[in-house]
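Participant: Adding 744 to a residue's 1-based position in the sequence shown gives its number in our numbering.
Since the hints were made in silico from the structure, they are not lab data. Just so we're clear, the structure is a prediction, and the values are computed from it rather than from any experiment. Any given hint could be a false lead.
[Said to hold, decoys possible] With a straight-line Cα cutoff of 30 Å, these simulated DSBU-like cross-link-like pairs (lysine-lysine) come out:
| # | residue 1 | residue 2 |
| --- | --- | --- |
| 1 | LYS767 | LYS877 |
| 2 | LYS877 | LYS766 |
| 3 | LYS1039 | LYS767 |
| 4 | LYS839 | LYS767 |
| 5 | LYS877 | LYS809 |
| 6 | LYS996 | LYS1138 |
| 7 | LYS767 | LYS780 |
| 8 | LYS982 | LYS994 |
| 9 | LYS766 | LYS1039 |
| 10 | LYS780 | LYS809 |
| 11 | LYS766 | LYS809 |
| 12 | LYS877 | LYS836 |
| 13 | LYS956 | LYS982 |
| 14 | LYS1138 | LYS994 |
| 15 | LYS1039 | LYS982 |
| 16 | LYS996 | LYS956 |
| 17 | LYS809 | LYS836 |
| 18 | LYS839 | LYS780 |
| 19 | LYS1039 | LYS839 |
| 20 | LYS1039 | LYS836 |
| 21 | LYS877 | LYS780 |
| 22 | LYS950 | LYS982 |
[Said to hold, decoys possible] Cβ pair distances, simulated, as ranges:
| # | residue 1 | residue 2 | range |
| --- | --- | --- | --- |
| 23 | ARG1018 | THR1053 | 33 to 39 Å |
| 24 | GLN945 | GLU807 | 57 to 63 Å |
| 25 | ARG843 | GLY750 | 39 to 45 Å |
| 26 | ASP815 | GLY750 | 24 to 30 Å |
| 27 | LEU924 | GLY750 | 17 to 23 Å |
| 28 | GLY1107 | ALA829 | 53 to 59 Å |
For each residue, glycine too, the CB sits at the ideal point set by N, CA and C.
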Amino acid sequence: GYGSWGPLDGWRRPKPEYWHVKKAYSPVRISGDSVKTPIVIRVENRYDFTNLSEVPCEWEIGEEKGTASCDAPPHSTGEIRIAPAQNELEGKILKLAFRDPRGFVCDEYSLRIGDAPRDVVEASTPSNSLEAKESAEAYSISGDGIEWNIARGSGRITSAARDGAQIVIGGPELMLLPMLGGSCATEHSADIAPFNDTCTQWNARKVSVYSKDGAREVRVEGSYAEADGSYTLRFFDKGVVEVSYRYEVKAKTDPRQIGMVVTLPRAFDVLRWRRHAQWNAYPHDHIGRPEGAVKARAAAAPEKEDLRTEPALSWAFDESPLGSNEFRSSKEHILYAGLSDTNRDQLRVDSDGRHTIRAWLDGDSVKLLVAFYSNGGGEPFVSSHFESERMPLKAGDVIEDSFRLQLTHLEKKKPEDR
745 GYGSWGPLDG WRRPKPEYWH VKKAYSPVRI SGDSVKTPIV IRVENRYDFT NLSEVPCEWE
805 IGEEKGTASC DAPPHSTGEI RIAPAQNELE GKILKLAFRD PRGFVCDEYS LRIGDAPRDV
865 VEASTPSNSL EAKESAEAYS ISGDGIEWNI ARGSGRITSA ARDGAQIVIG GPELMLLPML
925 GGSCATEHSA DIAPFNDTCT QWNARKVSVY SKDGAREVRV EGSYAEADGS YTLRFFDKGV
985 VEVSYRYEVK AKTDPRQIGM VVTLPRAFDV LRWRRHAQWN AYPHDHIGRP EGAVKARAAA
1045 APEKEDLRTE PALSWAFDES PLGSNEFRSS KEHILYAGLS DTNRDQLRVD SDGRHTIRAW
1105 LDGDSVKLLV AFYSNGGGEP FVSSHFESER MPLKAGDVIE DSFRLQLTHL EKKKPEDR
(Lines of atoms letter the chains of each structure in order from A and count residues from 1; the text may use other names and numbers.)
(Lines give C-alpha, C1' and ligand atoms only; values in the text may rest on other atoms or scores of the structure.)
Protein backbone atom coordinates (compact mmCIF):
# COMPACT_ATOMS: atom_id res chain seq x y z
CA GLY A 1 0.00 0.00 0.00
CA TYR A 2 0.94 3.66 -0.12
CA GLY A 3 -0.14 6.83 1.63
CA SER A 4 -3.52 6.26 3.26
CA TRP A 5 -3.64 2.66 2.06
CA GLY A 6 -1.93 -0.38 3.55
CA PRO A 7 -0.46 -1.21 6.97
CA LEU A 8 2.03 1.72 6.89
CA ASP A 9 1.14 5.36 6.34
CA GLY A 10 2.97 7.85 4.11
CA TRP A 11 5.49 8.54 6.90
CA ARG A 12 6.10 4.79 7.35
CA ARG A 13 4.38 4.79 10.72
CA PRO A 14 2.75 1.44 11.52
CA LYS A 15 -1.03 1.45 11.47
CA PRO A 16 -3.01 -1.13 13.52
CA GLU A 17 -3.04 -3.63 10.65
CA TYR A 18 0.75 -3.80 10.65
CA TRP A 19 0.75 -5.73 13.95
CA HIS A 20 -1.92 -8.14 12.67
CA VAL A 21 0.13 -8.83 9.53
CA LYS A 22 3.21 -9.41 11.68
CA LYS A 23 1.33 -11.88 13.89
CA ALA A 24 -0.21 -13.68 10.91
CA TYR A 25 3.21 -14.24 9.32
CA SER A 26 5.05 -14.92 12.57
CA PRO A 27 7.61 -17.76 12.31
CA VAL A 28 7.15 -18.53 16.02
CA ARG A 29 3.78 -19.67 17.34
CA ILE A 30 2.66 -20.19 20.96
CA SER A 31 -0.91 -21.26 21.73
CA GLY A 32 -2.80 -20.06 24.77
CA ASP A 33 -2.60 -17.03 27.04
CA SER A 34 -1.28 -18.61 30.24
CA VAL A 35 1.35 -21.00 31.57
CA LYS A 36 1.69 -23.13 34.70
CA THR A 37 4.68 -23.55 36.99
CA PRO A 38 7.27 -24.89 36.52
CA ILE A 39 7.32 -22.83 33.33
CA VAL A 40 7.43 -25.04 30.23
CA ILE A 41 6.18 -23.51 26.97
CA ARG A 42 5.41 -25.42 23.77
CA VAL A 43 6.68 -23.51 20.73
CA GLU A 44 5.97 -24.14 17.05
CA ASN A 45 8.80 -23.36 14.61
CA ARG A 46 7.32 -22.08 11.34
CA TYR A 47 10.66 -21.13 9.79
CA ASP A 48 11.56 -22.98 6.60
CA PHE A 49 15.30 -23.24 7.25
CA THR A 50 16.07 -21.89 10.73
CA ASN A 51 16.32 -23.91 13.93
CA LEU A 52 14.78 -22.09 16.91
CA SER A 53 18.11 -22.48 18.69
CA GLU A 54 19.20 -19.57 16.47
CA VAL A 55 16.27 -17.44 17.68
CA PRO A 56 16.93 -16.23 21.25
CA CYS A 57 13.89 -15.86 23.49
CA GLU A 58 14.21 -12.81 25.74
CA TRP A 59 11.92 -13.15 28.77
CA GLU A 60 10.80 -10.79 31.50
CA ILE A 61 8.79 -11.22 34.72
CA GLY A 62 8.50 -7.88 36.48
CA GLU A 63 12.04 -6.59 37.00
CA GLU A 64 13.67 -9.98 36.38
CA LYS A 65 14.96 -10.68 32.87
CA GLY A 66 16.73 -13.49 31.09
CA THR A 67 17.28 -15.39 27.84
CA ALA A 68 16.13 -18.88 26.92
CA SER A 69 16.36 -21.04 23.82
CA CYS A 70 14.63 -23.96 22.17
CA ASP A 71 16.08 -26.68 19.96
CA ALA A 72 13.37 -27.16 17.33
CA PRO A 73 14.16 -27.83 13.66
CA PRO A 74 12.13 -26.05 10.95
CA HIS A 75 8.44 -27.03 10.80
CA SER A 76 8.52 -28.80 14.19
CA THR A 77 7.72 -28.04 17.82
CA GLY A 78 9.87 -27.79 20.90
CA GLU A 79 9.88 -26.54 24.48
CA ILE A 80 11.23 -23.50 26.27
CA ARG A 81 11.96 -23.90 29.98
CA ILE A 82 12.30 -20.85 32.20
CA ALA A 83 13.45 -20.99 35.83
CA PRO A 84 13.19 -17.50 37.37
CA ALA A 85 14.88 -16.75 40.68
CA GLN A 86 11.70 -15.40 42.26
CA ASN A 87 9.30 -17.80 43.95
CA GLU A 88 5.97 -15.95 44.01
CA LEU A 89 4.90 -16.24 40.38
CA GLU A 90 1.12 -16.79 40.54
CA GLY A 91 -0.74 -14.07 38.67
CA LYS A 92 2.36 -12.39 37.26
CA ILE A 93 2.92 -11.73 33.56
CA LEU A 94 5.66 -13.47 31.58
CA LYS A 95 6.71 -11.41 28.55
CA LEU A 96 8.50 -13.15 25.67
CA ALA A 97 10.30 -11.57 22.69
CA PHE A 98 11.79 -13.77 19.96
CA ARG A 99 14.72 -12.21 18.13
CA ASP A 100 15.28 -13.27 14.53
CA PRO A 101 18.91 -14.11 13.56
CA ARG A 102 18.88 -10.90 11.49
CA GLY A 103 18.44 -8.87 14.67
CA PHE A 104 14.81 -7.75 14.77
CA VAL A 105 12.07 -9.00 17.11
CA CYS A 106 9.91 -11.29 15.00
CA ASP A 107 7.17 -11.89 17.58
CA GLU A 108 6.11 -11.14 21.15
CA TYR A 109 3.86 -12.89 23.66
CA SER A 110 2.48 -11.99 27.08
CA LEU A 111 1.44 -14.99 29.19
CA ARG A 112 -0.18 -14.99 32.60
CA ILE A 113 1.40 -17.37 35.10
CA GLY A 114 -1.27 -19.48 36.77
CA ASP A 115 -5.02 -19.00 36.55
CA ALA A 116 -6.44 -15.69 35.34
CA PRO A 117 -8.36 -13.77 38.01
CA ARG A 118 -12.11 -13.66 37.60
CA ASP A 119 -13.58 -10.33 36.65
CA VAL A 120 -15.65 -9.29 39.64
CA VAL A 121 -18.32 -6.67 39.06
CA GLU A 122 -19.33 -4.79 42.18
CA ALA A 123 -22.68 -6.20 43.26
CA SER A 124 -25.76 -3.98 43.26
CA THR A 125 -29.28 -4.76 44.37
CA PRO A 126 -32.68 -3.49 43.26
CA SER A 127 -33.66 -0.64 45.54
CA ASN A 128 -37.17 0.50 46.38
CA SER A 129 -35.54 2.89 48.82
CA LEU A 130 -34.72 5.16 45.89
CA GLU A 131 -37.12 8.08 45.92
CA ALA A 132 -39.31 8.73 42.88
CA LYS A 133 -40.64 12.24 42.30
CA GLU A 134 -42.34 13.89 39.39
CA SER A 135 -42.82 17.42 38.15
CA ALA A 136 -44.51 18.89 35.11
CA GLU A 137 -41.30 18.36 33.10
CA ALA A 138 -39.51 15.33 34.51
CA TYR A 139 -39.39 12.21 36.65
CA SER A 140 -36.62 12.05 39.26
CA ILE A 141 -35.12 8.87 40.76
CA SER A 142 -32.73 9.61 43.63
CA GLY A 143 -30.95 8.22 46.68
CA ASP A 144 -27.47 7.70 48.17
CA GLY A 145 -26.16 10.86 46.51
CA ILE A 146 -27.34 9.74 43.04
CA GLU A 147 -30.03 11.50 41.03
CA TRP A 148 -31.43 10.56 37.63
CA ASN A 149 -33.81 12.91 35.79
CA ILE A 150 -35.94 11.66 32.88
CA ALA A 151 -37.97 14.00 30.67
CA ARG A 152 -41.71 13.27 30.79
CA GLY A 153 -42.17 14.15 27.14
CA SER A 154 -39.30 12.28 25.48
CA GLY A 155 -38.40 9.66 28.09
CA ARG A 156 -34.74 10.60 27.68
CA ILE A 157 -32.28 11.09 30.52
CA THR A 158 -31.77 14.84 30.87
CA SER A 159 -29.25 14.59 33.71
CA ALA A 160 -27.62 12.00 35.95
CA ALA A 161 -25.46 13.20 38.81
CA ARG A 162 -23.35 11.71 41.60
CA ASP A 163 -22.84 13.87 44.69
CA GLY A 164 -23.89 16.88 42.64
CA ALA A 165 -21.49 16.21 39.76
CA GLN A 166 -23.37 15.81 36.48
CA ILE A 167 -22.15 12.81 34.47
CA VAL A 168 -24.88 12.02 31.90
CA ILE A 169 -26.80 14.71 30.00
CA GLY A 170 -28.67 12.75 27.33
CA GLY A 171 -29.81 9.42 25.91
CA PRO A 172 -30.28 6.60 25.52
CA GLU A 173 -30.75 6.89 21.76
CA LEU A 174 -30.95 3.94 19.39
CA MET A 175 -28.15 3.62 16.83
CA LEU A 176 -28.87 1.45 13.82
CA LEU A 177 -25.85 2.58 11.84
CA PRO A 178 -25.87 1.60 8.15
CA MET A 179 -22.80 -0.01 6.61
CA LEU A 180 -21.80 3.08 4.61
CA GLY A 181 -22.62 6.75 4.86
CA GLY A 182 -21.95 7.50 1.20
CA SER A 183 -19.59 6.76 -1.64
CA CYS A 184 -16.08 5.50 -0.93
CA ALA A 185 -13.72 8.42 -0.37
CA THR A 186 -10.50 7.88 -2.32
CA GLU A 187 -8.83 11.21 -1.57
CA HIS A 188 -7.35 12.35 1.73
CA SER A 189 -9.71 15.04 2.96
CA ALA A 190 -10.68 16.60 6.26
CA ASP A 191 -14.09 17.48 4.84
CA ILE A 192 -15.67 14.02 5.11
CA ALA A 193 -18.55 14.38 7.57
CA PRO A 194 -18.46 12.12 10.65
CA PHE A 195 -20.87 9.21 10.31
CA ASN A 196 -22.34 8.62 13.77
CA ASP A 197 -26.04 9.15 13.15
CA THR A 198 -28.52 7.78 15.67
CA CYS A 199 -32.04 6.89 14.59
CA THR A 200 -34.25 9.83 13.65
CA GLN A 201 -37.70 11.33 14.40
CA TRP A 202 -38.08 9.92 17.93
CA ASN A 203 -41.64 10.07 19.25
CA ALA A 204 -42.33 8.81 22.78
CA ARG A 205 -45.87 7.43 23.05
CA LYS A 206 -45.81 6.59 26.75
CA VAL A 207 -43.46 7.12 29.70
CA SER A 208 -44.23 5.08 32.84
CA VAL A 209 -42.59 5.06 36.28
CA TYR A 210 -43.29 2.18 38.68
CA SER A 211 -41.81 -0.34 41.12
CA LYS A 212 -41.21 -3.93 40.03
CA ASP A 213 -39.52 -6.79 41.91
CA GLY A 214 -37.97 -4.42 44.42
CA ALA A 215 -36.67 -1.84 41.95
CA ARG A 216 -37.73 1.47 40.46
CA GLU A 217 -38.26 1.31 36.71
CA VAL A 218 -38.94 3.75 33.90
CA ARG A 219 -40.41 2.26 30.74
CA VAL A 220 -40.49 4.32 27.55
CA GLU A 221 -42.50 3.26 24.50
CA GLY A 222 -42.07 5.03 21.19
CA SER A 223 -40.91 4.99 17.61
CA TYR A 224 -38.19 6.24 15.30
CA ALA A 225 -38.40 6.58 11.55
CA GLU A 226 -36.27 3.40 11.45
CA ALA A 227 -37.73 1.28 14.28
CA ASP A 228 -40.57 0.95 16.78
CA GLY A 229 -40.41 -0.42 20.33
CA SER A 230 -39.42 0.45 23.87
CA TYR A 231 -36.62 0.67 26.41
CA THR A 232 -36.59 0.27 30.20
CA LEU A 233 -34.35 1.89 32.80
CA ARG A 234 -34.12 -0.29 35.94
CA PHE A 235 -32.50 1.49 38.89
CA PHE A 236 -30.29 -0.18 41.49
CA ASP A 237 -28.29 1.09 44.44
CA LYS A 238 -24.67 2.36 44.05
CA GLY A 239 -25.60 4.46 41.02
CA VAL A 240 -26.33 1.50 38.74
CA VAL A 241 -28.99 1.47 36.03
CA GLU A 242 -29.75 -1.44 33.72
CA VAL A 243 -30.78 -0.39 30.23
CA SER A 244 -32.81 -2.92 28.26
CA TYR A 245 -34.48 -2.36 24.90
CA ARG A 246 -36.46 -4.09 22.18
CA TYR A 247 -37.23 -2.61 18.77
CA GLU A 248 -38.83 -3.84 15.57
CA VAL A 249 -37.07 -2.65 12.42
CA LYS A 250 -39.29 -0.84 9.92
CA ALA A 251 -37.28 -1.28 6.73
CA LYS A 252 -34.53 -3.39 5.21
CA THR A 253 -31.03 -2.41 6.33
CA ASP A 254 -27.52 -3.84 6.51
CA PRO A 255 -26.11 -2.44 9.79
CA ARG A 256 -22.54 -1.66 10.76
CA GLN A 257 -23.26 -1.25 14.49
CA ILE A 258 -26.39 -1.59 16.63
CA GLY A 259 -26.68 -0.25 20.14
CA MET A 260 -27.62 2.64 22.42
CA VAL A 261 -25.85 6.02 22.70
CA VAL A 262 -25.61 8.16 25.83
CA THR A 263 -24.31 11.73 26.03
CA LEU A 264 -21.87 13.15 28.58
CA PRO A 265 -20.44 16.64 29.17
CA ARG A 266 -17.33 17.54 27.16
CA ALA A 267 -15.15 17.26 30.28
CA PHE A 268 -15.53 13.46 30.27
CA ASP A 269 -12.77 12.99 27.74
CA VAL A 270 -10.66 10.20 29.30
CA LEU A 271 -11.51 6.71 28.08
CA ARG A 272 -10.43 3.64 30.04
CA TRP A 273 -11.11 0.05 29.03
CA ARG A 274 -10.29 -3.59 29.56
CA ARG A 275 -11.33 -6.23 27.04
CA HIS A 276 -10.72 -9.64 25.52
CA ALA A 277 -8.26 -8.98 22.68
CA GLN A 278 -7.21 -11.00 19.63
CA TRP A 279 -3.57 -11.26 20.78
CA ASN A 280 -2.01 -11.34 24.23
CA ALA A 281 0.77 -8.90 23.30
CA TYR A 282 0.50 -5.56 21.51
CA PRO A 283 2.65 -2.46 21.00
CA HIS A 284 2.04 0.06 23.79
CA ASP A 285 0.25 2.45 21.42
CA HIS A 286 -1.88 -0.05 19.48
CA ILE A 287 -5.57 0.91 19.47
CA GLY A 288 -6.55 -2.76 19.86
CA ARG A 289 -4.59 -3.52 23.02
CA PRO A 290 -6.45 -5.28 25.85
CA GLU A 291 -6.49 -2.35 28.26
CA GLY A 292 -5.54 1.27 28.40
CA ALA A 293 -6.38 4.87 29.24
CA VAL A 294 -6.35 7.70 26.72
CA LYS A 295 -7.50 11.30 26.47
CA ALA A 296 -9.65 12.36 23.54
CA ARG A 297 -6.92 14.73 22.37
CA ALA A 298 -3.19 14.37 22.92
CA ALA A 299 -1.53 17.45 24.39
CA ALA A 300 1.24 17.36 21.76
CA ALA A 301 -1.04 16.73 18.79
CA PRO A 302 -1.31 19.59 16.27
CA GLU A 303 -4.67 21.37 16.06
CA LYS A 304 -4.63 21.07 12.28
CA GLU A 305 -2.98 18.35 10.23
CA ASP A 306 -0.10 19.45 8.00
CA LEU A 307 0.50 16.81 5.34
CA ARG A 308 3.97 18.24 4.57
CA THR A 309 5.28 17.91 8.14
CA GLU A 310 6.24 14.55 9.61
CA PRO A 311 4.04 13.83 12.65
CA ALA A 312 5.79 13.83 16.02
CA LEU A 313 3.42 11.22 17.47
CA SER A 314 2.41 7.71 16.42
CA TRP A 315 -0.62 6.96 14.23
CA ALA A 316 -2.82 6.30 17.28
CA PHE A 317 -2.70 10.02 18.14
CA ASP A 318 -3.72 11.37 14.73
CA GLU A 319 -6.83 13.45 15.31
CA SER A 320 -10.14 14.29 13.72
CA PRO A 321 -13.04 16.37 15.11
CA LEU A 322 -14.13 13.16 16.88
CA GLY A 323 -10.87 12.81 18.83
CA SER A 324 -7.73 10.77 18.31
CA ASN A 325 -7.71 7.45 16.45
CA GLU A 326 -7.20 5.64 19.74
CA PHE A 327 -9.99 7.45 21.59
CA ARG A 328 -12.66 7.07 18.90
CA SER A 329 -11.91 3.52 17.76
CA SER A 330 -14.31 0.68 18.57
CA LYS A 331 -13.28 -1.51 21.51
CA GLU A 332 -14.75 -4.97 21.07
CA HIS A 333 -15.42 -7.67 23.68
CA ILE A 334 -15.22 -5.30 26.62
CA LEU A 335 -15.16 -6.34 30.26
CA TYR A 336 -15.13 -2.75 31.45
CA ALA A 337 -15.10 0.70 29.89
CA GLY A 338 -15.49 4.15 31.38
CA LEU A 339 -15.42 7.84 30.56
CA SER A 340 -14.11 10.13 33.31
CA ASP A 341 -13.23 13.78 33.90
CA THR A 342 -10.40 15.48 35.79
CA ASN A 343 -12.31 15.06 39.07
CA ARG A 344 -12.30 11.30 38.38
CA ASP A 345 -16.09 11.06 38.24
CA GLN A 346 -16.95 8.33 35.78
CA LEU A 347 -19.66 6.68 33.71
CA ARG A 348 -18.81 3.00 33.72
CA VAL A 349 -20.01 0.14 31.49
CA ASP A 350 -19.56 -3.48 32.63
CA SER A 351 -19.96 -6.44 30.30
CA ASP A 352 -19.08 -10.11 29.93
CA GLY A 353 -17.19 -9.56 26.70
CA ARG A 354 -20.15 -9.47 24.33
CA HIS A 355 -20.39 -5.69 23.94
CA THR A 356 -18.48 -3.17 21.84
CA ILE A 357 -18.06 0.43 22.96
CA ARG A 358 -17.11 3.48 20.94
CA ALA A 359 -16.61 7.05 22.16
CA TRP A 360 -16.30 10.29 20.20
CA LEU A 361 -16.36 14.04 20.68
CA ASP A 362 -19.48 15.81 19.47
CA GLY A 363 -19.14 19.57 19.83
CA ASP A 364 -19.61 20.43 23.52
CA SER A 365 -20.36 16.85 24.50
CA VAL A 366 -18.97 13.32 24.40
CA LYS A 367 -20.94 10.37 23.01
CA LEU A 368 -20.65 6.75 24.13
CA LEU A 369 -22.08 3.87 22.11
CA VAL A 370 -22.74 0.53 23.82
CA ALA A 371 -23.31 -1.91 20.95
CA PHE A 372 -24.32 -5.56 20.99
CA TYR A 373 -23.47 -5.89 17.29
CA SER A 374 -20.48 -4.56 15.37
CA ASN A 375 -18.78 -5.73 12.18
CA GLY A 376 -15.82 -4.89 9.95
CA GLY A 377 -17.68 -2.33 7.85
CA GLY A 378 -18.48 -1.92 4.18
CA GLU A 379 -15.05 -1.04 2.78
CA PRO A 380 -15.19 -2.47 -0.76
CA PHE A 381 -11.75 -4.09 -1.15
CA VAL A 382 -11.77 -6.60 1.74
CA SER A 383 -15.48 -6.60 2.62
CA SER A 384 -15.88 -10.17 1.36
CA HIS A 385 -13.95 -11.29 4.46
CA PHE A 386 -16.70 -9.81 6.65
CA GLU A 387 -19.63 -11.47 4.88
CA SER A 388 -20.07 -14.15 7.54
CA GLU A 389 -20.14 -11.52 10.29
CA ARG A 390 -22.91 -9.43 8.80
CA MET A 391 -26.48 -9.32 10.08
CA PRO A 392 -28.79 -7.94 7.36
CA LEU A 393 -32.20 -6.97 8.70
CA LYS A 394 -35.59 -6.84 7.03
CA ALA A 395 -38.78 -5.07 8.05
CA GLY A 396 -40.24 -6.75 11.14
CA ASP A 397 -36.95 -8.13 12.48
CA VAL A 398 -36.39 -7.55 16.20
CA ILE A 399 -33.25 -6.10 17.79
CA GLU A 400 -32.87 -6.29 21.57
CA ASP A 401 -30.22 -6.11 24.26
CA SER A 402 -29.45 -5.00 27.81
CA PHE A 403 -26.40 -3.48 29.46
CA ARG A 404 -25.37 -1.89 32.76
CA LEU A 405 -24.26 1.68 33.41
CA GLN A 406 -22.91 3.04 36.68
CA LEU A 407 -22.21 6.52 38.00
CA THR A 408 -19.05 6.05 40.02
CA HIS A 409 -15.77 7.58 41.12
CA LEU A 410 -12.22 6.41 40.45
CA GLU A 411 -10.78 6.02 43.94
CA LYS A 412 -7.41 4.52 43.07
CA LYS A 413 -4.82 6.46 41.13
CA LYS A 414 -4.46 5.09 37.60
CA PRO A 415 -1.42 5.33 35.31
CA GLU A 416 -1.03 8.70 33.65
CA ASP A 417 -3.44 9.19 30.77
CA ARG A 418 -1.87 9.47 27.36
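Participant: Any hints from earlier that this structure breaks? Give me their numbers in increasing order, please.
Facilitator: Failing hints, ascending: 1, 2, 5, 8, 12, 16, 21, 25, 26.
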